[in-house]
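Those protein sequence lines, which keep their order, are chains A and B.
The numbers in numbering that gives the first Met the number 0 rise by one with no breaks, and the one at position 14 of the first sequence is 13.
The numbers in numbering that gives the first Met the number 0 rise by one with no breaks, and the one at position 206 of the second sequence is 205.
Simulated from the structure, these hints should not be mistaken for laboratory data.
Treat the hints with care, as some may be off.
To be verified - Here chain B is said to cover these stretches of chain A; the calculated rule only asks that three of the stretch's residues, wherever they fall, bring their Cβ under 8 Å from a Cβ of chain B:
1. 22 to 36
2. 199 to 207
3. 242 to 255
4. 275 to 285
5. 314 to 321
6. 415 to 423
Ideal placement from N, C-alpha and C gives every residue a C-beta, glycine not left out.
There are 2 protein chains.
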Amino acid sequence: MFRYEGRGVEPLDEAALETITRGWRRLISEIGVRFDHPEALRRFAEAGQSVEGHVVRLDPDFVLEQIGRAPRSFTLLARNPARDVVVSEHNAAFLPAQGAPFVRRDGVRRDATFADFGDLVRIAQHLDVIDSPGVLPCEPNDRPLDSRHLDMAEALYLLSDKPVMGAQISAEAALDSIAMARIALRHRLDDDGAIVSCNINVNSPLRYDDRMLEALLAHAEAGSAIVVTPFLLMGAMAPVTIPAALVQQLAEALAGIALVQLVRPGCPVVLGSFLSTTDMKNGSPSFGGPESMIGLLASGQLARGLGLPWRSGGGALTASPVADAQAAWEGAFTMTAAMQAGANLILHAIGWLEGGLTVGWEKLAVDVDILQTLRVAQTPLVVDEESLAYDAHDEVRQGGHFLGAAHTLERFRDCFYRPILATTENFERWTRNGSLDAAARAGAVADGWLAAYEQPSLDDAVAAELGDYVTRRRLELGD
Amino acid sequence: MFRYEGRGVEPLDEAALETITRGWRRLISEIGVRFDHPEALRRFAEAGQSVEGHVVRLDPDFVLEQIGRAPRSFTLLARNPARDVVVSEHNAAFLPAQGAPFVRRDGVRRDATFADFGDLVRIAQHLDVIDSPGVLPCEPNDRPLDSRHLDMAEALYLLSDKPVMGAQISAEAALDSIAMARIALRHRLDDDGAIVSCNINVNSPLRYDDRMLEALLAHAEAGSAIVVTPFLLMGAMAPVTIPAALVQQLAEALAGIALVQLVRPGCPVVLGSFLSTTDMKNGSPSFGGPESMIGLLASGQLARGLGLPWRSGGGALTASPVADAQAAWEGAFTMTAAMQAGANLILHAIGWLEGGLTVGWEKLAVDVDILQTLRVAQTPLVVDEESLAYDAHDEVRQGGHFLGAAHTLERFRDCFYRPILATTENFERWTRNGSLDAAARAGAVADGWLAAYEQPSLDDAVAAELGDYVTRRRLELGD
Numbered sequence: 000m001f002r003y004e005g006r007g008v009e010p011l012d013e014a015a016l017e018t019i020t021r022g023w024r025r026l027i028s029e030i031g032v033r034f035d036h037p038e039a040l041r042r043f044a045e046a047g048q049s050v051e052g053h054v055v056r057l058d059p060d061f062v063l064e065q066i067g068r069a070p071r072s073f074t075l076l077a078r079n080p081a082r083d084v085v086v087s088e089h090n091a092a093f094l095p096a097q098g099a100p101f102v103r104r105d106g107v108r109r110d111a112t113f114a115d116f117g118d119l120v121r122i123a124q125h126l127d128v129i130d131s132p133g134v135l136p137c138e139p140n141d142r143p144l145d146s147r148h149l150d151m152a153e154a155l156y157l158l159s160d161k162p163v164m165g166a167q168i169s170a171e172a173a174l175d176s177i178a179m180a181r182i183a184l185r186h187r188l189d190d191d192g193a194i195v196s197c198n199i200n201v202n203s204p205l206r207y208d209d210r211m212l213e214a215l216l217a218h219a220e221a222g223s224a225i226v227v228t229p230f231l232l233m234g235a236m237a238p239v240t241i242p243a244a245l246v247q248q249l250a251e252a253l254a255g256i257a258l259v260q261l262v263r264p265g266c267p268v269v270l271g272s273f274l275s276t277t278d279m280k281n282g283s284p285s286f287g288g289p290e291s292m293i294g295l296l297a298s299g300q301l302a303r304g305l306g307l308p309w310r311s312g313g314g315a316l317t318a319s320p321v322a323d324a325q326a327a328w329e330g331a332f333t334m335t336a337a338m339q340a341g342a343n344l345i346l347h348a349i350g351w352l353e354g355g356l357t358v359g360w361e362k363l364a365v366d367v368d369i370l371q372t373l374r375v376a377q378t379p380l381v382v383d384e385e386s387l388a389y390d391a392h393d394e395v396r397q398g399g400h401f402l403g404a405a406h407t408l409e410r411f412r413d414c415f416y417r418p419i420l421a422t423t424e425n426f427e428r429w430t431r432n433g434s435l436d437a438a439a440r441a442g443a444v445a446d447g448w449l450a451a452y453e454q455p456s457l458d459d460a461v462a463a464e465l466g467d468y469v470t471r472r473r474l475e476l477g478d
Numbered sequence: 000m001f002r003y004e005g006r007g008v009e010p011l012d013e014a015a016l017e018t019i020t021r022g023w024r025r026l027i028s029e030i031g032v033r034f035d036h037p038e039a040l041r042r043f044a045e046a047g048q049s050v051e052g053h054v055v056r057l058d059p060d061f062v063l064e065q066i067g068r069a070p071r072s073f074t075l076l077a078r079n080p081a082r083d084v085v086v087s088e089h090n091a092a093f094l095p096a097q098g099a100p101f102v103r104r105d106g107v108r109r110d111a112t113f114a115d116f117g118d119l120v121r122i123a124q125h126l127d128v129i130d131s132p133g134v135l136p137c138e139p140n141d142r143p144l145d146s147r148h149l150d151m152a153e154a155l156y157l158l159s160d161k162p163v164m165g166a167q168i169s170a171e172a173a174l175d176s177i178a179m180a181r182i183a184l185r186h187r188l189d190d191d192g193a194i195v196s197c198n199i200n201v202n203s204p205l206r207y208d209d210r211m212l213e214a215l216l217a218h219a220e221a222g223s224a225i226v227v228t229p230f231l232l233m234g235a236m237a238p239v240t241i242p243a244a245l246v247q248q249l250a251e252a253l254a255g256i257a258l259v260q261l262v263r264p265g266c267p268v269v270l271g272s273f274l275s276t277t278d279m280k281n282g283s284p285s286f287g288g289p290e291s292m293i294g295l296l297a298s299g300q301l302a303r304g305l306g307l308p309w310r311s312g313g314g315a316l317t318a319s320p321v322a323d324a325q326a327a328w329e330g331a332f333t334m335t336a337a338m339q340a341g342a343n344l345i346l347h348a349i350g351w352l353e354g355g356l357t358v359g360w361e362k363l364a365v366d367v368d369i370l371q372t373l374r375v376a377q378t379p380l381v382v383d384e385e386s387l388a389y390d391a392h393d394e395v396r397q398g399g400h401f402l403g404a405a406h407t408l409e410r411f412r413d414c415f416y417r418p419i420l421a422t423t424e425n426f427e428r429w430t431r432n433g434s435l436d437a438a439a440r441a442g443a444v445a446d447g448w449l450a451a452y453e454q455p456s457l458d459d460a461v462a463a464e465l466g467d468y469v470t471r472r473r474l475e476l477g478d
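Using the sequences and the hints given, assemble the complete structure.
Below, the structure written as structure tokens:
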């Protein structure tokens, strides 16, 4: 976990906050949110909300009352208690890119496999700056569709001892995730926190579909930590003006969080944000633009105002298909905005390419340098007498250099952040070493992480029980 | 010019400000600054400062008194008054990379030529986000060393009507710059502002050499706008702790600015900053790291506290030799920090590669996207009833999309920043178009600017007089 020392940047003044508050209250109460699941509709109706067909019009004060039941902070429990993650407004937790059907590795883009999945979990386990492998660091296309969530959950618990996320594609998959979490974290069941978490995407605008809802309901019953994420590409799933998207984001997320609290008061939740733009020339998603940066900063301020931890997208988002300059600046901008906005859960922190369709081996190393740089850059500067290094100036005086000064020699090993991928080689040396740009050097960095990975221990009985569970359920699912 | 609507980020608290103030006062008064020029030493001695050999120990209160004579804002006059640049704490002006001996163009790194110089001036003239071509957008290695400053100044005035900078390599070159500015800007001589500006680098630590000083003295006599820039790579020219570098930066810059004010009270000046790190593994400069970002933010706060406009380095600085991911994230980070720090003059905003040794054709387009993105991202968000787009939500409701909504159709052309280089093409289309990464696409963007360039008109008599001046002086200089 990264700890924020300062408060996030807050771009909205009082008048803007009031306007946005008025906006989501009107949207949620007058236009309402569609919930395509009878239990959700029943819950809202029983709570006195207006239900017409599938559309629920919510009383904003009722929504705030439900939101008020959610904890301001909570713990994501890990197999290894030392890996627990506290989700709170003071922290940021980072996860790798999630959900990509393709990988780009060794210069080739291809269908992602279960082997890739395992390697990505290993990398997430190995890297100190990554707090959880998530649930789906890539899609294992070579495993049967109906049961691959079982393969993935088993691999997550075998290969990582960090907190893992659970499936949200159906109630059945969600229940499997919860059951397997109860096996893998059997020693943590009495601890305060969530043994599994999940991310529920809204079918923006203003709609929750049946599969997401059945997963939400299953996870809420079990007390999983639930991230509720409006998926807003302005121009497609939201209007093109940032305030309208912010209002919609709140209306959607708060409606979903209210449902979670109706099902299980006090259930840990995270206000999700995935806010970017549509390229209006071709209708494609675009990332790293100024509108998403502004939107992220405002999202963080709004979430803090509601007392909810929040998730941001980015991550290091980009539309680029390769780990090139575009991928780096778009990724750097989204990650900068997410951290300056004080995001508490950051999915897609490393590896994301091509609007999330591809996880890029080379992009992993680019993003780790970006993430580590930003983490150090947010460290408060200590200014005291010692930091002024007067003795060093007294030693070097005018026109000399500090390379050999005692002050430098005592500190040179760790005085500056040391990049993992960036080069400072001069041109001649860089040329002798093959004229490799950052992308061409990056694959070897990720390979090095894999080589350095150490598999965490797992109790044999637990491993066997997980295996038995997977075997039994796979048969039941007919794969 | 870009106008800042907010105030820069300010990382230093009162105690830190006091410590840094104590630091520069002690450094400037106890260790002092070396000035390798008799007139500088004479000026300081006459003003009652302690001069021992070449080292001047300055009374900090005397320095502040001199600083207080400098204007808080001033105008850089252009041939075309519509291109004037106001340097003040409320604005940022952007210049391309300066001083590179090499260019990287069409994939090849080679000695820069006078033809490259002209093309870079044309691009600086063409781009709205660039306020001045500077003085040396690359080194024209194919022109004689002693007289090339004449060729450059003539080309700057012929090809651009934006404010230009003058030479600082010697008194003679500085005087030529001033004389040519008086010819080219003859219609502006009675206007309030500086007809030429220059950047004086300190030979850090704590030393001004004779050539920089003779140029500084010549420009100060003439009332040029003078940027005084400590050149601090922490670990080499400054201690490895950021506060020590900040203290040194102030001591050096304020000593130089005090000299300018002694020569010509009220002369426009800019507090310069070029603050980065040394890679302690190999002694090479490194850029875009967290220490330079923190240093930039603190530098801006300190400059504003002194009431001086300030220059930052970055720019889009990088150690990378090519326009790759490293170049983009390092450039994005230095530019982000410079703008969040409220820098008023930003050299090296586009094109810089390889620690400034190379100006990269491909990097130009990368950096323009970075710069334009940051400019839009710093635009204050308007939140009002109209921005909430309630009608659009009322039209689209649940589960639809906004691509065809009236609200979208009215705004789609300019609702989002449109990148010049970033692609949102899907993978199939991107592959059909040649699988070109951003660097491979970027050269064509810069070529397009060249093709779109329009040469500004210049009075024939002025052009002839500039030509005569160059011819006469070239003969005198023996080239």
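Outcome of the hint check:
Taking a C-beta to C-beta cut-off of 8 Å, the stretch 22 to 36 of chain A contributes 7 residues in contact with chain B, enough for the three needed, and the coverage statement holds. Here the stretch 199 to 207 of chain A counts 4 residues with a CB under 8 Å from a CB of chain B, which clears the bar of 3, and the coverage holds. Coverage of the stretch 242 to 255 of chain A by chain B holds in this model, with 4 residues showing a Cβ closer than 8 Å to a Cβ of that chain against a need of three. Proximity of the stretch 275 to 285 of chain A to chain B, defined as three or more residues with a beta carbon under 8 Å from a beta carbon of that chain, is established by the 10 residues found.
Figure legend: the stretch 314 to 321 of chain A, annotated as covered by chain B; annotation consistent (4 residues with Cβ-Cβ distances under 8 Å, at least 3 required). Three residues within the 8 Å Cβ limit are the bar, and the stretch 415 to 423 of chain A against chain B gives 8, so the coverage statement holds.
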